[in-house]
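Trainee: Sequence:
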Amino acid sequence: MQTLERGDIALTTEDVSRMLENLPALRQLSLAGGELDSDNIRQLSKLHSLQMLDLSNCELSDDVLKVFAELTCDQLVEMRLNASRLGKVGFPHLVRRQKNMKFALVDTEIAPELMDYLISQGRLRRSLI
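Per my numbering, the very first residue in the sequence shown carries number 268; after that it's consecutive.
Derived from the structure by calculation, the hints contain no laboratory data. The beta carbon of each residue, even a glycine, is placed where N, CA and C say it ideally should be. Check before you lean on any hint, since a few could be wrong.
[Claimed, not checked] Now the in silico label distances, taken between C-beta atoms and shown as ranges:
| hint | residue 1 | residue 2 | range |
| --- | --- | --- | --- |
| 1 | Leu-290 | Leu-381 | 29 to 35 Å |
| 2 | Glu-376 | Ser-312 | 26 to 32 Å |
| 3 | Asp-341 | Met-382 | 22 to 28 Å |
[Unchecked claim] Computed list of lysine to aspartate or glutamate pairs in EDC-like fashion (alpha-carbon distance at most 20 Å, straight line):
| hint | residue 1 | residue 2 |
| --- | --- | --- |
| 4 | Lys-333 | Glu-288 |
| 5 | Lys-313 | Asp-282 |
| 6 | Lys-313 | Glu-337 |
| 7 | Lys-366 | Glu-380 |
| 8 | Lys-366 | Glu-345 |
| 9 | Lys-355 | Glu-376 |
| 10 | Lys-355 | Asp-329 |
| 11 | Lys-366 | Asp-341 |
| 12 | Lys-333 | Asp-304 |
| 13 | Lys-355 | Glu-380 |
| 14 | Lys-355 | Glu-302 |
Based on the sequences and whatever the hints tell you, model everything.
Mentor: Next comes the structure, spelled out in structure tokens:
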């Protein structure tokens, strides 16, 4: 399986762990609209082939974003955060730590200077802005 969509549901850490343990080659994962916490995010580090993660329409606290920023997700190159509510400290931390990642941010409020930075670095998905 290369793509999995599991959005609009609350997932426990056990749910995420069970779901991901048998999908090591997963390349695209959508948890859009889901409720995520730091433990759920830590489970994503098991997906060594993950290239795109869709967390659109999620509320991602500073703590969750900081945990994600510290993960080693070498293959992850795109994160969709459309219509998401992002922590004001955690998202800039994620941007600084995950230097190769591009972001889709349609209908997502971020600081203008951070948006300018992402544009200048070519890190916004143009087709999704």
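Trainee: Hint by hint, say whether it matches the structure.
Mentor: We went through each hint and held it up to the structure:
| no. | hint | result |
| --- | --- | --- |
| 1 | Leu-290 to Leu-381: 29 to 35 Å | 32 Å, holds |
| 2 | Glu-376 to Ser-312: 26 to 32 Å | 28 Å, holds |
| 3 | Asp-341 to Met-382: 22 to 28 Å | 26 Å, holds |
| 4 | Lys-333 to Glu-288 | 23 Å, violated |
| 5 | Lys-313 to Asp-282 | 14 Å, holds |
| 6 | Lys-313 to Glu-337 | 14 Å, holds |
| 7 | Lys-366 to Glu-380 | 17 Å, holds |
| 8 | Lys-366 to Glu-345 | 11 Å, holds |
| 9 | Lys-355 to Glu-376 | 10 Å, holds |
| 10 | Lys-355 to Asp-329 | 7 Å, holds |
| 11 | Lys-366 to Asp-341 | 10 Å, holds |
| 12 | Lys-333 to Asp-304 | 11 Å, holds |
| 13 | Lys-355 to Glu-380 | 12 Å, holds |
| 14 | Lys-355 to Glu-302 | 18 Å, holds |
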